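Here is how the chains run, residue by residue.
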Amino acid sequence: MTILSPVSLLHRPQSGAVLSLIAVLAFFMLFGGVDIGRFLGAASWVNFAANLGIVALPVGLLMIAGELDISIGAMIPAGSMSIAVVSGHYDLPILVGIGFALGLGAVVGLINGILTVRTSVPSLIITLATLVAMQGIVLSASVLLTGNASVPLDAPAWAKAIFGRLIGGNYQIIILWWIGLAAVLYVVVHQMPFGNRLFAMGGDRASARNAGIATDRMTIGLFVLSATSASFVGMCGAILFNSAQVSGGMNYIFNAVVSIVVGGVLLTGGFGSVIGIVLGTLTFAVVSQGIYFTDIDRNWSSLIIGVMLLVAVWMNNSFRTMALTHSPKKKP
Amino acid sequence: MTHPVLELRNVSKSFGPIDVLHDISLKVNAGEVLCLLGDNGAGKSTLIMTLAGVHKPTTGEIFMDGEGIRFDRPKDAADRGIATVHQFGGTFPLMSIGRSFFVGVEPVRKFGPLRIFDRKTANQTAVKAVQEFGITRIDDGDRLIGGLSGGERQALAIARAVHFGARVLILDEPTAALGVKQASHVLRIVLEAKKRGIAVIFITHQVTHAMAVGDHFAVLIRGALAANFMRGEKSREEITDLMAGGEALADLGAEIESRMGPHDGPPPQPAA
Ligand SMILES: Nc1ncnc2c1ncn2[C@@H]1O[C@H](COP(=O)(O)OP(=O)(O)O)[C@@H](O)[C@H]1O
Ligand SMILES: [Mg+2]
Numbered sequence: 000m001t002i003l004s005p006v007s008l009l010h011r012p013q014s015g016a017v018l019s020l021i022a023v024l025a026f027f028m029l030f031g032g033v034d035i036g037r038f039l040g041a042a043s044w045v046n047f048a049a050n051l052g053i054v055a056l057p058v059g060l061l062m063i064a065g066e067l068d069i070s071i072g073a074m075i076p077a078g079s080m081s082i083a084v085v086s087g088h089y090d091l092p093i094l095v096g097i098g099f100a101l102g103l104g105a106v107v108g109l110i111n112g113i114l115t116v117r118t119s120v121p122s123l124i125i126t127l128a129t130l131v132a133m134q135g136i137v138l139s140a141s142v143l144l145t146g147n148a149s150v151p152l153d154a155p156a157w158a159k160a161i162f163g164r165l166i167g168g169n170y171q172i173i174i175l176w177w178i179g180l181a182a183v184l185y186v187v188v189h190q191m192p193f194g195n196r197l198f199a200m201g202g203d204r205a206s207a208r209n210a211g212i213a214t215d216r217m218t219i220g221l222f223v224l225s226a227t228s229a230s231f232v233g234m235c236g237a238i239l240f241n242s243a244q245v246s247g248g249m250n251y252i253f254n255a256v257v258s259i260v261v262g263g264v265l266l267t268g269g270f271g272s273v274i275g276i277v278l279g280t281l282t283f284a285v286v287s288q289g290i291y292f293t294d295i296d297r298n299w300s301s302l303i304i305g306v307m308l309l310v311a312v313w314m315n316n317s318f319r320t321m322a323l324t325h326s327p328k329k330k331p
Numbered sequence: 000m001t002h003p004v005l006e007l008r009n010v011s012k013s014f015g016p017i018d019v020l021h022d023i024s025l026k027v028n029a030g031e032v033l034c035l036l037g038d039n040g041a042g043k044s045t046l047i048m049t050l051a052g053v054h055k056p057t058t059g060e061i062f063m064d065g066e067g068i069r070f071d072r073p074k075d076a077a078d079r080g081i082a083t084v085h086q087f088g089g090t091f092p093l094m095s096i097g098r099s100f101f102v103g104v105e106p107v108r109k110f111g112p113l114r115i116f117d118r119k120t121a122n123q124t125a126v127k128a129v130q131e132f133g134i135t136r137i138d139d140g141d142r143l144i145g146g147l148s149g150g151e152r153q154a155l156a157i158a159r160a161v162h163f164g165a166r167v168l169i170l171d172e173p174t175a176a177l178g179v180k181q182a183s184h185v186l187r188i189v190l191e192a193k194k195r196g197i198a199v200i201f202i203t204h205q206v207t208h209a210m211a212v213g214d215h216f217a218v219l220i221r222g223a224l225a226a227n228f229m230r231g232e233k234s235r236e237e238i239t240d241l242m243a244g245g246e247a248l249a250d251l252g253a254e255i256e257s258r259m260g261p262h263d264g265p266p267p268q269p270a271a
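Chains as they are written, first to last, in numbering that gives the first Met the number 0: chain R, 0 to 331; chain W, 0 to 271.
Note that these hints are calculated values from the structure, not bench results. Owing to the predicted nature of the structure, the values given are computational and were not obtained by experimental measurement. Warning: the hint list may mix true and false statements.
[What the hints assert, rightly or not] Only pairs whose alpha carbons sit at most 20 Å apart, straight line, appear in this in silico SDA-like list of lysine to any residue: (1) K194/W / L113/W; (2) K74/W / Y185/R; (3) K74/W / K109/W; (4) K119/W / H189/R; (5) K194/W / K55/W; (6) K193/W / G133/W; (7) K193/W / G30/W; (8) K26/W / A243/W; (9) K119/W / K159/R; (10) K109/W / W176/R; (11) K109/W / M191/R; (12) K109/W / A182/R; (13) K193/W / K109/W; (14) K119/W / V186/R; (15) K55/W / I21/R; (16) K74/W / S317/R; (17) K159/R / L184/R; (18) K119/W / Q190/R; (19) K159/R / V95/R; (20) K119/W / M191/R; (21) K119/W / P192/R; (22) K109/W / R208/R; (23) K127/W / K109/W; (24) K74/W / M48/W; (25) K55/W / G103/W.
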């Protein structure tokens, strides 16, 4: 492993997020009168972080690759509605509903990915188009098929146990899925050759392709992962709450991008880390949900998020510059 | 007889109605430095991109070891041992030396069922490869490419190409952005690559740099081969004049003087 000196730690992509998280917690304790023990044990912000985190991770990898996926905003309700319509309204086996929800995510991800690599249209615009299109499809299909914009779902016990259970009364099982996804992606991105290719692709796509990297296939794969993950989050929500709504999900776009950027991912690609994205998500969750634990009026949380975003981006830029100019073993 | 490593026969290239290269025939031998000279816009980059598989010739043929070849993608040229180093060398400024050295061909070690990127081997190999070219200041494979000097980046990119068995090394203006000292480092590395039997195509518009390393010179003017000669056949002045498109630089000097002479207004302001 790398030498864990404080200086070399600062050169990691996630160092800004670590400081942001500490600063936000300290701020709430000092000025919000938060009892830190009670706060850390609270489920609300952890549940919030897990749902957001499962989407933020693949979107963050796309950003490292130099792309963006905002269709997640429509894929969360799409995942939740499709399982509710298939297994709730039509009463088909839950496995069919799960397959339908995840399959829909994969198909939309494929469309996003193929359009991105085949055209020169920026992925922001392509996924904006699929975002709007999927919103329309989900709303019309559910009204057409069920006559309603909200559909009940009664999942069998085994499905609830895996996807929609509360552990210890308050903690959503999706927290474990988030930890699992983060662990797998950590190994794939930071310990396996895939990660090297991802960073190369985000740094300079043409050179990466010339080095023999299947950039198109990797890009499409990442889009499939992000749309499917969003659909998964929606699906788990429907199983947990026994119903699905066509609305909701749009906030995830904004929340995920802020989490990723605070987590030290470079907007233009080529730099970032899985740990950073996780820490950025935690920081975002602490600010937006932790505010309820403080004496501070909750309307201030947006201001805090805005300030935090600017400070984090500034810190990340400074750390990146330091990493570029610093030579750990410089001789005198 | 032995064939040249790379040979172009009557290669022309047009982009739609724009003719960029006209009827170029050139040979490069192993252990030889071919200097490709020419003014901006002469077609040097287009010529090497054709060799690197980025562009396909509109007409004409490319031979490698006497055998006719066709590159559909840059990867095909790379697989044949044609390595191109672009002006700014390292193209992944935010990656470490070890990681960028092995992009696409990462060394791995087995960890249970997983194939884990072998960072230590990658770093050691990369540092050793570049140190063999005399750049001993690079000793830590974890440093980011973006933190290296321009000359160090060129050295690293050349060392990488040689390490992966390049037979033809194409350097597009490797010394253009460098100071005198760094440029001389790069020129020394070019000679070192040549000594290892690699055919080097060295693009520059600095005649001094070309004279320092070239065995064989080709001058491109507006896409046509204006001259093709061996070391010692032409003087520095002749080469410089050729590059200026045949108009002797002396004329240019006279022209500048005649413009400056009667001038009595304020000196021209530099562009903001
Ligand atoms: N893809 C292209 N399409 C059209 N014209 C091009 C293209 N690439 C290069 N050219 C033209 O070809 C000429 C030679 O360019 P280039 O090979 O880059 O010159 P050099 O590298 O010698 O400065 C220029 O006039 C340029 O505008
Ligand atoms: Mg050029």
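With the threshold set at 20 Å, check whether the alpha-carbon distance from K109/W to W176/R stays at or below it.
26 Å, violated
Take the C-alpha atoms of K119/W and V186/R, compute the straight-line distance between them, and say whether it is at most 20 Å.
17 Å, holds
Given the hinted pair K119/W and M191/R, is their Cα-Cα distance within 20 Å?
Answer holds: K119/W to M191/R is near 13 Å, not above 20 Å.
Is the straight-line distance between the alpha-carbon of K127/W and that of K109/W 20 Å or less?
Judged against 20 Å, a Cα distance of about 23 Å means the pair is violated.
Holds or violated: K55/W to G103/W, with C-alpha atoms at most 20 Å apart:
Given pair K55/W, G103/W is violated - Cα atoms ~24 Å apart, limit 20 Å.
With a cut-off of 20 Å on the C-alpha distance, tell me whether K74/W and Y185/R pass.
29 Å, violated
Hinted pair, alpha-carbon criterion (20 Å max): K119/W, K159/R. Please report holds or violated.
Violated. K119/W to K159/R sits at ~45 Å, over the 20 Å cutoff.
Proposed proximity, G30/W with K193/W (alpha carbon, max 20 Å):
5 Å, holds
Mind checking the alpha carbons of K74/W and M48/W for me, to see if they're no more than 20 Å apart?
Given that 20 Å is the threshold and the Cα spacing comes to 12 Å, the pair holds.
When you check the alpha-carbon spacing of K109/W and R208/R, does it fall within 20 Å?
Roughly 26 Å between the alpha carbons, so the hint for K109/W and R208/R is violated.
Between the alpha carbons of K119/W and H189/R, is the straight-line distance 20 Å or under?
With a Cα-Cα distance of about 14 Å, the restraint between K119/W and H189/R holds, given a limit of 20 Å.
Check the hint pairing K74/W with S317/R against an upper bound of 20 Å on the C-alpha distance.
Violated, because 37 Å separates the two Cα atoms, which is more than 20 Å.
Hints 1, 2, 3, 5, 8, 9, 10, 13, 15, 16, 17, 22, 23, 25 from the list above are not met by this structure, while the remaining hints are.
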